[in-house]
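Participant: Chains as they are written, first to last, in my numbering: chain A, 1 to 203; chain B, 1 to 399.
Worth flagging that the hints you see were computed from the coordinates, not collected in a lab. Some hints here could point you the wrong way.
What the hints assert, rightly or not - Cβ pair distances, simulated, as ranges: (1) B:Asn327 <-> A:Glu162: 49 to 57 angstroms; (2) A:Leu125 <-> B:Glu117: 34 to 42 angstroms; (3) B:Lys303 <-> A:Arg34: 56 to 64 angstroms; (4) A:Ala175 <-> B:Lys375: 44 to 52 angstroms; (5) A:Ile75 <-> B:Asp348: 49 to 57 angstroms; (6) A:Met171 <-> B:Met119: 23 to 31 angstroms; (7) A:Glu162 <-> B:Gly81: 47 to 55 angstroms; (8) B:Gly253 <-> A:Glu162: 31 to 39 angstroms; (9) A:Gly66 <-> B:Met332: 46 to 54 angstroms; (10) A:Gly108 <-> B:Met119: 25 to 33 angstroms; (11) A:His118 <-> B:Gly315: 47 to 55 angstroms; (12) A:Ala175 <-> B:Arg352: 30 to 38 angstroms.
Stated by the list, open to error - Pairs of lysine-lysine residues, derived as DSSO-like cross-links and limited to a Cα-Cα distance of at most 30 angstroms, are as follows: (13) B:Lys2 <-> A:Lys172; (14) B:Lys303 <-> B:Lys319; (15) B:Lys156 <-> B:Lys281; (16) B:Lys99 <-> B:Lys2; (17) B:Lys99 <-> A:Lys114; (18) B:Lys303 <-> B:Lys165; (19) B:Lys303 <-> B:Lys328; (20) B:Lys333 <-> B:Lys303; (21) B:Lys79 <-> B:Lys2; (22) B:Lys249 <-> B:Lys319; (23) B:Lys99 <-> B:Lys319; (24) B:Lys11 <-> B:Lys99; (25) A:Lys172 <-> B:Lys11; (26) A:Lys172 <-> B:Lys375; (27) A:Lys172 <-> B:Lys281.
Using N, Cα and C, we set each Cβ at its ideal position, and we do this for glycine too.
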Amino acid sequence: MLAYFGAQQDQREFTARSSVIVNTSPEEAFRFWRNFENFPLFMHHLDSVTNTSERRSRWIALGPMGTRIAWEAEIVNERQNEEIQWRSLPGSDIQLDGQVRFSPAIGGRGTVIKVYSHLVPPAGLLGRAVASIFGKDPEFMMRQDLRRLKALMETGEIPTIEGQTHGPRSMKVAAIRMMDPDNPVRMRDANIKDVLTAERRIA
Amino acid sequence: MKAVCWMGVEKMSVENVPDPQILNPRDAIVRITSTCICGSDLHLYDGFMPTMEQGDIMGHEFMGEIVEVGPGINRDKLKVGDRVVVPFTIACGNCFFCKEQLWSCCDNSNPNYWIAEQMMGYSPSGLFGYTHMMGGYSGGQAQFARVPFADVGPLKIPDGVPDEKVVFLSDIFPTGYMAAENCNIRRGDTIAIWGCGPVGQFAIRSCFMLGAERVIALDHVPERLEMAQQGGAEVLNFDEVDDVLTTLKEMTGNIGPDACIDAVGMEADGHGLPYVYDRAKQMMRISMDRPGVLRHAIMACRKGGTVSVPGVYAGFIDKVPFGQYMNKAITMKTGQTHMMRYMKPLLDRVQRGEIDPSFVISHRVPITQGPEMYKIFRDKQDRCTKVVLDPWASGAAAA
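One chain only, chain A, in its complex shape (with noise of 0.2 angstroms):
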């Protein structure tokens, strides 16, 4: 049974399309993201990325429990404040490929960042752990990195209540905030302690 669920979940490919409209110049955009090494700060999925050469990056993903997910990815074609594309190196444990487009919205109003994604996860477990990051809703994912995207562009931070204060938990609350897909391990400090002080009853 297992096994079946394993192998169904081996053939899916995942393809994500969205696209955010942020005030700042093409220019200020397309630097922004061809340093890939900012992409940790507004992608939650990812610990870190490191350029290893002017064309060549290693991306280390957060799979489930904790466990991490890594290979290199390098830009395939760019054109100046316009366009990058990336792809994962052959021989990766993914296989990858992604595109950004940068324009002018018009009425001056900043620019539209459109961006493409396609991901073919390996066979076996750790294809189910890439397919835990990723599967849930690939596009619903790439619209919150799109989101924080934005607010980091245009307030220098990302609005957020994670670790703020609060009253006593329920169970039922404290559990929803563990399984939230967009919020991985590292990001849960404080929903541990949320589950941990939870109130024995349901609210």
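Dock chain B against chain A, hints included.
Facilitator: Chain B alone, transformed into the frame defined by chain A:
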């Protein structure tokens, strides 16, 4: 610190919770000196707004002293020791909407924007202590609060102006004022206002400030009608007339009020079959709102007039006289208040002595009495119109 927490429908309690901390560079921490219960908090108390969670800290009308600022705050704008009123809407100051002065539509202040998007298509700004759909920010019925984007919202208050004269700049005074401004008042206009709660009271006074000749205020709570009368309004107790619409017609020479303000919102009281129908639907959670006042406002408004809606609604409403709205060429204006537009000009009015907003206060109590005040305020017992909580008082002396 002590904080009033939402623990379930009609269950508020004062809990000891950890003090708030700076979480983002542009945050500040305020030591709260005065905080209030708003009529819109009653929608949460009654459980009619979705996405509250047990343990949420209530409150969005508060002021106090800055005790800590994040590293991203420009010290020329805000520093430790400043006395500030905090607006209930949270705005980043940098997005398209903030630049357009549509502060309550800020694109960046609601971390749970996607929940609001599912309900409304697009998300309004984050709010303090007002559901997770609106950001889930811990509120200000507490001894301290964390204020995000603190270099945008909080308004500095000079020493010497007492809390009670300025604390309502956090919501109800600007909200009543925007409701009046939305009426597009011209000299000689007649405005009808449904709901003589605090927002209605400020709307009455704001209509006169903006040049209205006549304000007709509707309610059925005697002390609120008295207060409306003191503000210069003619009052209409809807319990005492057969038909509100006919009465308004007679009062305006068969033309109707130039503008109508719905300062009631989703939990309107009323009479007759439509009221029973709305109430039943809301109790069964088929509908989130009881839109009786909105229907009346549209029906009563003169041709080509304006309906202004500061009252809070949550979702879909039915039996709205839309054909009447269309054929009478009515304009409708609404929205959460664009606070930062109004706070400074209204502070100036307070300082010039044009208005003393403290007239609306009926109860000053320690925060420990907060939970019971919700019930008293909701049931309009004890001539309750507005409750101000003192977060630091000990003892239980009521004003």
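Participant: Compare the structure with each hint and give your call.
Facilitator: Hint check:
{"no.": "1", "hint": "B:Asn327 <-> A:Glu162: 49 to 57 angstroms", "result": "50 angstroms, holds"}
{"no.": "2", "hint": "A:Leu125 <-> B:Glu117: 34 to 42 angstroms", "result": "35 angstroms, holds"}
{"no.": "3", "hint": "B:Lys303 <-> A:Arg34: 56 to 64 angstroms", "result": "59 angstroms, holds"}
{"no.": "4", "hint": "A:Ala175 <-> B:Lys375: 44 to 52 angstroms", "result": "31 angstroms, violated"}
{"no.": "5", "hint": "A:Ile75 <-> B:Asp348: 49 to 57 angstroms", "result": "55 angstroms, holds"}
{"no.": "6", "hint": "A:Met171 <-> B:Met119: 23 to 31 angstroms", "result": "26 angstroms, holds"}
{"no.": "7", "hint": "A:Glu162 <-> B:Gly81: 47 to 55 angstroms", "result": "28 angstroms, violated"}
{"no.": "8", "hint": "B:Gly253 <-> A:Glu162: 31 to 39 angstroms", "result": "59 angstroms, violated"}
{"no.": "9", "hint": "A:Gly66 <-> B:Met332: 46 to 54 angstroms", "result": "52 angstroms, holds"}
{"no.": "10", "hint": "A:Gly108 <-> B:Met119: 25 to 33 angstroms", "result": "31 angstroms, holds"}
{"no.": "11", "hint": "A:His118 <-> B:Gly315: 47 to 55 angstroms", "result": "37 angstroms, violated"}
{"no.": "12", "hint": "A:Ala175 <-> B:Arg352: 30 to 38 angstroms", "result": "54 angstroms, violated"}
{"no.": "13", "hint": "B:Lys2 <-> A:Lys172", "result": "24 angstroms, holds"}
{"no.": "14", "hint": "B:Lys303 <-> B:Lys319", "result": "20 angstroms, holds"}
{"no.": "15", "hint": "B:Lys156 <-> B:Lys281", "result": "45 angstroms, violated"}
{"no.": "16", "hint": "B:Lys99 <-> B:Lys2", "result": "36 angstroms, violated"}
{"no.": "17", "hint": "B:Lys99 <-> A:Lys114", "result": "23 angstroms, holds"}
{"no.": "18", "hint": "B:Lys303 <-> B:Lys165", "result": "38 angstroms, violated"}
{"no.": "19", "hint": "B:Lys303 <-> B:Lys328", "result": "5 angstroms, holds"}
{"no.": "20", "hint": "B:Lys333 <-> B:Lys303", "result": "16 angstroms, holds"}
{"no.": "21", "hint": "B:Lys79 <-> B:Lys2", "result": "24 angstroms, holds"}
{"no.": "22", "hint": "B:Lys249 <-> B:Lys319", "result": "22 angstroms, holds"}
{"no.": "23", "hint": "B:Lys99 <-> B:Lys319", "result": "37 angstroms, violated"}
{"no.": "24", "hint": "B:Lys11 <-> B:Lys99", "result": "40 angstroms, violated"}
{"no.": "25", "hint": "A:Lys172 <-> B:Lys11", "result": "17 angstroms, holds"}
{"no.": "26", "hint": "A:Lys172 <-> B:Lys375", "result": "26 angstroms, holds"}
{"no.": "27", "hint": "A:Lys172 <-> B:Lys281", "result": "27 angstroms, holds"}
When held up to the earlier numbered hints, the structure conflicts with 4, 7, 8, 11, 12, 15, 16, 18, 23, 24 and fits the remainder.
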